[in-house]
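Now that you have both chains on their own, put them together as the hints suggest.
From first to last, the protein sequence lines stand for chains A and B.
Under the numbering used here, the first residue of the first sequence carries the number 158, and numbering increases by one thereafter.
Under the numbering used here, the first residue of the second sequence carries the number 853, and numbering increases by one thereafter.
Please note that a few of the clues may not be correct.
[As the list claims (entries may be wrong)] A few chain B residues facing chain A, derived, Cβ under 8 Å:
hint, residue
1, V868
2, G872
3, V956
4, G974
5, T1046
6, A1111
7, E1113
8, G1171
9, L1265
10, A1266
[To be verified] Rough simulated footprint, nothing fancy, chain A against chain B, three-plus residues with beta-carbon under 8 Å:
hint, segment
11, 977-988
12, 1089-1103
[Claimed, not checked] Within a straight-line C-alpha distance of at most 30 Å, the following computed DSBU-like cross-link-like pairs (lysine-lysine) qualify:
hint, chain 1, residue 1, chain 2, residue 2
13, A, K349, B, K1238
14, B, K1015, A, K349
15, A, K338, B, K903
16, A, K349, A, K165
17, B, K1015, B, K856
18, B, K861, B, K1017
19, B, K856, A, K349
20, A, K191, A, K165
Calculated from the structure, these hints are not laboratory results.
By construction, the Cβ of each residue, glycine as well, lies at the ideal position given by its N, Cα and C atoms.
Given next are the chains, with one letter for each unit.
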Amino acid sequence: MEPFIRHKGLLAPIDRPNVDTDAIIPKQYLKSIKRTGFGPNLFDDWRYLDPGGLDIDNATRRRNPDFVLNQPRYQGASILLARENFGCGSSREHAVWALHDAGFRAVIAPSYADIFYSNCFKNGLLPVTLDATEVDRLFREVEATPGYELEVDLEARTVTTPDGAVLRFDIDDFRRETLLKGLDDIGLTLEKQDRIRAYEQRRRREAPWLFADTARGAG
Amino acid sequence: MSGKTLYDKLWDAHVVDTDGNGTSLLYIDRHLVHEVTSPQAFEGLRLAGRKPWRVDANLAVPDHNVPTTDRSRGVSDPISRAQLEALDRNCREFGIREFAMNDVRQGIVHIIGPEQGATLPGMTVVCGDSHTPTNGALGALAFGIGTSEVEHVLATQCLVLKKSKNMRVYVDGHVAPGITAKDIVLAIIGEIGTAGGTGYTIEFAGEAIRNLSMEGRMTVCNMAIEAGARSGIIAVDERTIDYVRGRPMAPGGELWDGAVEAWRDLHSDPDAAFDREVHIDAGAIAPQVTWGTSPGMVLPVDAAVPDPQQESDPVRASGMRRALEYMDLAPGTPLMDIRIDKVFIGSCTNARIEDLRAAAQQVRGRRVADSVRLAMVVPGSGLVKKQAEDEGLDRVFLEAGFEWREPGCSMCLAMNADRLEPGERCASTSNRNFEGRQGQGGRTHLVSPAMAAAAAVHGHFVDIRQTAGAA
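The shape of chain B in the complex, shown without the other chains (with noise of 0.2 Å):
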């Protein structure tokens, strides 16, 4: 009989009742809420006349919709309004605690739970956002799920689900200088697909991930979905005790040194197995541009934009097609000649105090190019935003030529008035390079943050490895 994978672990301890057939009634733990997919389950909520079954384990806050610019005059654009006075009322209604947009630890939702320790390491969290495995970082089974679930989930605690198989990604050895989280989960996604991971639950392991602070490892597993795996999860160790230790909603006292214990537990034994492995070579992997409308559609930043042609299946060639086509890009160029027009550095992938930091050193003492419209900064929670503000971090930006903004989802899906205009190519620290996530027409490259505010000052792509200020 072989041992437990990680996940293995997380899925059995919340098994609440199981049909025999794989189908199982799962507890969750925890459910971060925001205002976008939420509006429907409360409204079901009301209609059958229930209540939600664990006030307590909810925790809600506004973020897509937020205004980044000055918020003392409240929201102008009467359609995102009313669906954040939706949020209000509905968390009124029900107890439900909420960040209001006003209060300084609001932020995005996922970059709220680690922070406040509202996630924890061994809990089952869902919130109505596929990105919600970014708290699986924490050794935490995350994951996103549709509003028909969010209304599940307040009604009775559970949901029902069918478990996933066990995939292990290793990334071996060490990265190179320079090289981030957001690389290595962009490598990952290059090599086994934007599907690569479906069905799937994807445990991150080997030197390269346990060498990542928390804050990187977050960023890894927030992008488990752009693989097609509904969850990602990293393994428990003393990194991830620190982290916790002494968030705001984090146990204290015996509860700590309880739960300290059971998180020793949470790792795959030796002897589990895992139904697909991957193995990366850290050491190979450059700092990544994506090219396409598809995350999957990733190269190095030394490598030319591909050629169709090239491409024996004609189902993926033509996918190739449409998106240089939509991209303006021909086969051949250089990804280091891609002019861009505007740059992003935020969202729940890249907006922690670390990501500021490597974007900063950057650009300090340095302009961002003429020829870039817009470079702006969006811290990922109104804490990040104080802390990088205490470090000095708002001025180097300032002094660059970013814009310095409030926190939330902003221009990674441009809810808000942040976005590109038709035609506009930026430069992005999100997650989603499809047409028209950033604004109807827009084109979008993924990259580091350190990589975005480098392409700022250049107004091009560049190889952080050959200019000064790499990491």
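In isolation and in its complexed conformation, chain A is listed as follows (with noise of 0.2 Å):
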């Protein structure tokens, strides 16, 4: 995976509460059998006038002047900008694939969907939680600063305003270490396969009836 260790880049924001994944990156897209090309169809819904699917040319649909990202001045946008509960519905990764797609490197919000958050580690997507009075802040900087850059550090844990303003955030040391280093998970988990197979022998003894076979009964 790749790593995140800090990330200078231009800020856009999504003003609104309890952002979806169905919203981030709807049901028809969720079709496809890769990781990638999700970029395009993010926020497919708000972002296109004409309706979208795997089998439609995104660039004979009509974009949506209204929709923020499609404003000139958040072009190129890399750190997106949300309100609480970002993320919350499905547990589709495809969210977070077309976010990273769009070019999006962090996201930060006051507070994150739990399996959204999860996703984000897997993909060098960095979650930064701030109180909401910081992401009040933000917005109201943002949308008066074209332009506006903010550096996120995930080593020092901060992120630094236009001015000079440092912001501190918490984050899990596992999740971070992992996220600073690109660490393959399977890999880290696979070290302990002695840990796995032991765990697997007492518990078969234990309660051998959890490890029933899903071919029994199956005619």
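Here's what the structure looks like:
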């Protein structure tokens, strides 16, 4: 996985609470069996005026000029500013893939839904949690200031604004470490395979019914 | 030293390793797989040259893309077909048990797990789908995961997780006649909010939960994620054990006796400490109807659409305004005056046999209102469908003007051909009323099966406590 250490980039605001993963990437794109190519359909229902789908060329669709990410000043944005409970709803990792594919490296919000939050770390997208008053302030400043850039530093756990204000954020040590180093979770777990086998042996004795074979009773 | 919560017990029994900072390697007993969130995980295995750690822990079933109309000629949408074929191919290649589209045991993945006994009390159960907590009704620790985690479970039979906090939601007392599990869980979400459970595992408890059937408990746990909780659970009791007994994949003989003995401990200790406890008065719960674009935007059927001007929090008020605009509703409109275009009875929330019985009771001998363009019933599995047909429920629905379909996720999320057209309004027994969820521009009102069926007959929402046919 691509590591995240620090990143400086243009901030774009999505000013509404409870943005769900259906809004981030609508269902028709979930039919793709690939991990890439979701970027043009990020926030698809808001981004375009015409309906879309995997079999429709996005270039033929009218863009919604009112949608914030279509505005010229936010082109090239790589940090997304959002409200509380961002990424709620469906577990679809496609939401994170779409954000990443569209060029976003970090999200800043007061809170996230659990599954979305966890999915971010598997894909090098840093979800930064700041308190609601700090997020409010960033919304005010980004809307008032074209070209508003932030520097997000995972090593130092800070967000720095253009006027030099430093906002600190908390993050779990293990998650920070894997993201800083871009570690492969599965590889790390497989280093513990002896422990997994020992656990299985013990549980097979204690609670053998848990190891019921799904092929059983399957005629 | 206080006792353990049910969640503590389930968690502790599955810890393989822990780093001392609360991050643990947790063993997963059962992995359920569907076609939408798995192809990239299988591809990841292939690219890394890895094999499933324990093939027999996995069970796969196609559900999101499957057509609910005649399947004898296969799947006409080539993109859906490719995804369904990818699941078949991956299951063949890696040796994973699959109930294929035309198998009578096929259905919505969260309905299949309990129905087959693939989900057992005391298990950890995961699936690349946020409605996996449905399985928590059996006293299992069940939660949804992303595709990277699907790959992780396939490759290692484990997940790296931080333990969540403990919340208990007590639903005290008895519900009024006609009030169902769906109304209970919508009322809970209305109370604690769509992020109220974030960071928690919710144990649902109290007399009204104990009095629910196993299917009702599944409906409640199913929507834990709509309150923000990754997992919802209910303690094991005799009803749980009776439900599991004799299921195709459930243990038998001596193994059964040992299992039952262990399962009887699957409840929170009397002195267990919870980080948060919430009490809901069951007797005060009315039939629930959502009016907005988030499941927390819910009110009793006899209420009116709320006014954002009465909301003091500006972020919430703007969210309400946006929702009302999308839903094309004016503040002050009685919910019972809202007319609907389509009715969807189905989904992992409400497509089990008891749901279909409750809906049928509302339509028996009646007709779907002329103003309703489509009313459809989509059973949760082939076995639910067969059972309903054995009971004659298909005739009840068909004679009333409903369509009687093949099992799958269908119009809960509209990945197949079943969807709302822009502007259409639907009474739906599903779990999400997000913008565009049931089709771009579609407007969803979440209700119980009985409320959806009654709305189909009347063409608008009605209070089933006031109409004949209430249970």
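(request) Hint by hint, work out which the structure violates, then give me just those numbers in ascending order. (result) 2, 3, 7, 13 and 16
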